[in-house]
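A.B. asks: From just these sequences and the hints, can you work out the full model?
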Amino acid sequence: MSRVEHATRSSRIGVTLIAAAFVVLALAPFWGERQTLRLLAEVFTFVALASLWNLLAGYAGLVSVGQQAFVGLGGYLLFALVILLDVHPIAAILIAGPIGALVAVPVAALIFRLRGAYFAIGTWVVAEVFRLLASQISVLGGGSGISLPAAVVIAMAPSRQLREFEIYWLALALTAIVLGAIVALLRSRHGLALTAIRDNELAAQSNGIDVTRIKFIVFVLTGFGTAMIGALIFLMKLRISPDTAFSVNDWTAFVIFITVIGGIGRIEGPIIGTIVFFVLRQALADLGSLYLLMMGAVAIVVMLWAPKGLWGLIAERFGWQALPLQRHLVLTPKTEQPGGKP
Amino acid sequence: MQWFNVILQGVLIGGLYAMFAAGLSLIFGVMRLVNIAHGDLIVLAAYVALLVTQGLGVDPLTSLLLVVPIMAAIGYALQRGLLNYTLGDDLLPPLLVTFGLSIIIQNGLLELFTADSRKLQAGAIEIQTFQVAQGIWIGVLPLIQFAVAVAVIAGLQALFYKTALGRAFRATSDDQAVAQLMGLDTRHVFAMAMALSLAIIAIAGVFLAVRTNFDPAIGPARLIFGFEAVIIGGLGNMWGTLAGGVILGVSQAIGAQIDPGWQLLAGHIVFLAILAVRPQGLFPKVSG
Amino acid sequence: MPDPLLEVRAIDAYYGDFQALFGVSLRVNAGEVVAVIGANGAGKSTLLKTIAGLLRPKAGDIVFDSEPIGATPAFAVVKRGIALVPEGRRLFPSLTVEENLLIGGQSRRPGPWTLDRVYDLFPVLAERRHLPAPALSGGQQQMAAIARALMSNPRLLLCDEISLGLAPIVVRDIYARLPAIVAEGLSLIVVEQDIAQALKAARQVYCLQEGRIALQGPARVLTRESISAAYFGM
Chain R
1 MSRVEHATRS SRIGVTLIAA AFVVLALAPF WGERQTLRLL AEVFTFVALA
51 SLWNLLAGYA GLVSVGQQAF VGLGGYLLFA LVILLDVHPI AAILIAGPIG
101 ALVAVPVAAL IFRLRGAYFA IGTWVVAEVF RLLASQISVL GGGSGISLPA
151 AVVIAMAPSR QLREFEIYWL ALALTAIVLG AIVALLRSRH GLALTAIRDN
201 ELAAQSNGID VTRIKFIVFV LTGFGTAMIG ALIFLMKLRI SPDTAFSVND
251 WTAFVIFITV IGGIGRIEGP IIGTIVFFVL RQALADLGSL YLLMMGAVAI
301 VVMLWAPKGL WGLIAERFGW QALPLQRHLV LTPKTEQPGG KP
Chain L
1001 MQWFNVILQG VLIGGLYAMF AAGLSLIFGV MRLVNIAHGD LIVLAAYVAL
1051 LVTQGLGVDP LTSLLLVVPI MAAIGYALQR GLLNYTLGDD LLPPLLVTFG
1101 LSIIIQNGLL ELFTADSRKL QAGAIEIQTF QVAQGIWIGV LPLIQFAVAV
1151 AVIAGLQALF YKTALGRAFR ATSDDQAVAQ LMGLDTRHVF AMAMALSLAI
1201 IAIAGVFLAV RTNFDPAIGP ARLIFGFEAV IIGGLGNMWG TLAGGVILGV
1251 SQAIGAQIDP GWQLLAGHIV FLAILAVRPQ GLFPKVSG
Chain B
2001 MPDPLLEVRA IDAYYGDFQA LFGVSLRVNA GEVVAVIGAN GAGKSTLLKT
2051 IAGLLRPKAG DIVFDSEPIG ATPAFAVVKR GIALVPEGRR LFPSLTVEEN
2101 LLIGGQSRRP GPWTLDRVYD LFPVLAERRH LPAPALSGGQ QQMAAIARAL
2151 MSNPRLLLCD EISLGLAPIV VRDIYARLPA IVAEGLSLIV VEQDIAQALK
2201 AARQVYCLQE GRIALQGPAR VLTRESISAA YFGM
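Residue numbers (the numbering used here), protein chains in the order written: chain R, 1 to 342; chain L, 1001 to 1288; chain B, 2001 to 2234.
Hints were generated in silico from the structure; no laboratory data involved.
Positions of the beta carbon are idealized from the N, C-alpha and C atoms, including for glycine.
Where hints are given, some of them may not hold.
Calculated Cβ distances over 10 Å to all of chain R for the following chain L residues [unchecked claim]: (1) R1118; (2) K1119; (3) L1165; (4) G1166.
Facing chain L, from chain R, some residues (calculated, C-beta under 8 Å) [stated by the list, open to error]: (5) I121; (6) A184; (7) L185; (8) A297.
Some but not every residue of chain L turned toward chain B, in silico, with C-beta under 10 Å [said to hold, decoys possible]: (9) A1164; (10) L1184; (11) T1186.
C.D. replies: See below:
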């Protein structure tokens, strides 16, 4: 008899640390200032977005530079549901997920006809189409955008402070759910297939893995998650416009840089990358386009000299994993049966 | 008659789109690299032309004499110094490095030139038209631009199939290792291909800059137009790319005629439609 | 005794972490035909690729015409005068027969081999000069691959398994042209699985087994038994 185990010593430490961090973060409204809460919520959304992009590109090999399509879709769904259909914002966020998945289906059907880098540009075209369509919807502000009605915002909670707590906990919860879902997926049978695809797609295919089907599922799931987080982001921003909703810089460039610097193809990468990104952002204050320029240069350097990112360097050097995702076989000793049979 | 003119305009701008596409498809053909920074390099060429025309007081078409070699040199250096190191079996490095490059170029131009809209002045030729037939007028500049696009594509075909350099491109694209056995330094061959691509980009950039206002952010849209022209036309076929550009241009022109806000959408929708029903493009060459 | 044209001294060659050659030494004198035989995976192609510069040896040297070429990249090795006819022919599919030959002459080394000379040696290629390379039969492709290598006017020609996948009569036809090539002053290393053909064509024979030289000697002296032993390591 034998069984597959996922945990290692480093992952037990990692899970403990992450659980501890989660408790500390959940209690943040009691120890943190207003600014801190806003910053942390922003950090959470980027961890979620980057983790989703990492799942898509780092594991499934689908490099998309058009995920802003789903971020914007989620944002516009939130505004549409809240303003036009009187749906509660939190419910709207939860509805945005499935609708994002539904939209991802025909999108995938179209752009899966493209390969490699052409697929990437195809995703960009889709995002552009969404942006142009959004500008045509006049009830949601057309090209100039629209703000969330004050009445809706006030109805969320009795006081401003409670509202901010509510949004903060929502961000933390959604990010934890997204990360949890990703870990669960990677620990499953499909996750094993994904890891195989990540390591060597051709070999995975010749071992009987239906690569296209798995990629499709991952694309749809990522659309689900990204749309949901997008809805959350624009609830936090309180205002939406086609240019901000579908911004390549905000939702793709930063996300890609975070994941590349943190480490593609490993679940810990986006978390590390987001921390580095925000530390740099705080440290370098507002340098505007120079900041983006530097990020681009750093990403290029990392891609060429440390393609597995910061976490990749650490993990390979020490053999660590922060979350229990490895698989190793544990053999249990056989007991002797009477009669001499093993 | 008005519709005829609309379509004619679309055909002529299709030539410009085909030029955007030609450089992109050349690089993909020779080294399987898709340069995400392609559109931003077109904009870079426009700014280089701006500096040359302002600095030397020449007109845009003359500035090409300097802009083309400058961009070609940039292309050679870029390939030798950076992009050659990203080539290999893995898809991620070239894609992410050229994406990073795109961000760097956009923001670098933003820092140097601000987000102000610019335009190159070509003088009287910009508004000159001539009458081809009853009620049908063609702009001189659009026509020149289309003719140049056709010439560029014809030139590329000739280069690829009738010269030693073209042979080297095709051989290196077929089999990099054996190409080296022929005495070809593939690092140099790739760099020459990139230099050629940027030379074409230079021409396209100057024509773009004369035709319309430009600013550092318009690069990605040009990449998308070039990409759509390649996919509509079919991979591996330069004349197909011209057809793809024309179809895109005409779609946009018709869209704009229906409603100005629909110009870009119309092009994207035609692209997606062709992707849906004929993903290999309209005139694909069977190639790897 | 004049210096050998090519001397390979105790080279180790790797594919990544996998070692394919262990301290292999070999020499080729001017005007000589040397055969390298061995089972599949013994390292024969690896040896030729290393000499041609596609692989870099991690230990040992390679000296050609008194110049060290161990660290020289493939495109420069051709210019020194070594040409490889790769295993599996590997003509350029996008090019015609003639274009394949022309690109063989890319390095522009001076010498007797021109398009005309090569068409004289292989008239069947002249008849098909404008056809795309994949349109040729296996034997014709092999001739084209040899012709392409000759176009660089090498002093040493490396032939990697030119009999592979070809009918015996075609193989005999191709091997019949080799003496004409040697007469022009070329030296040859012939890698072969067809031992009989190799022994007939070559003066010296080396037998590789799992990356090591297991046997070497003049062709007419080696016995079947000693070769089998070396080939299969029995």
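A.B. asks: Can you list which hints this structure breaks, lowest number first?
C.D. replies: 6, 7
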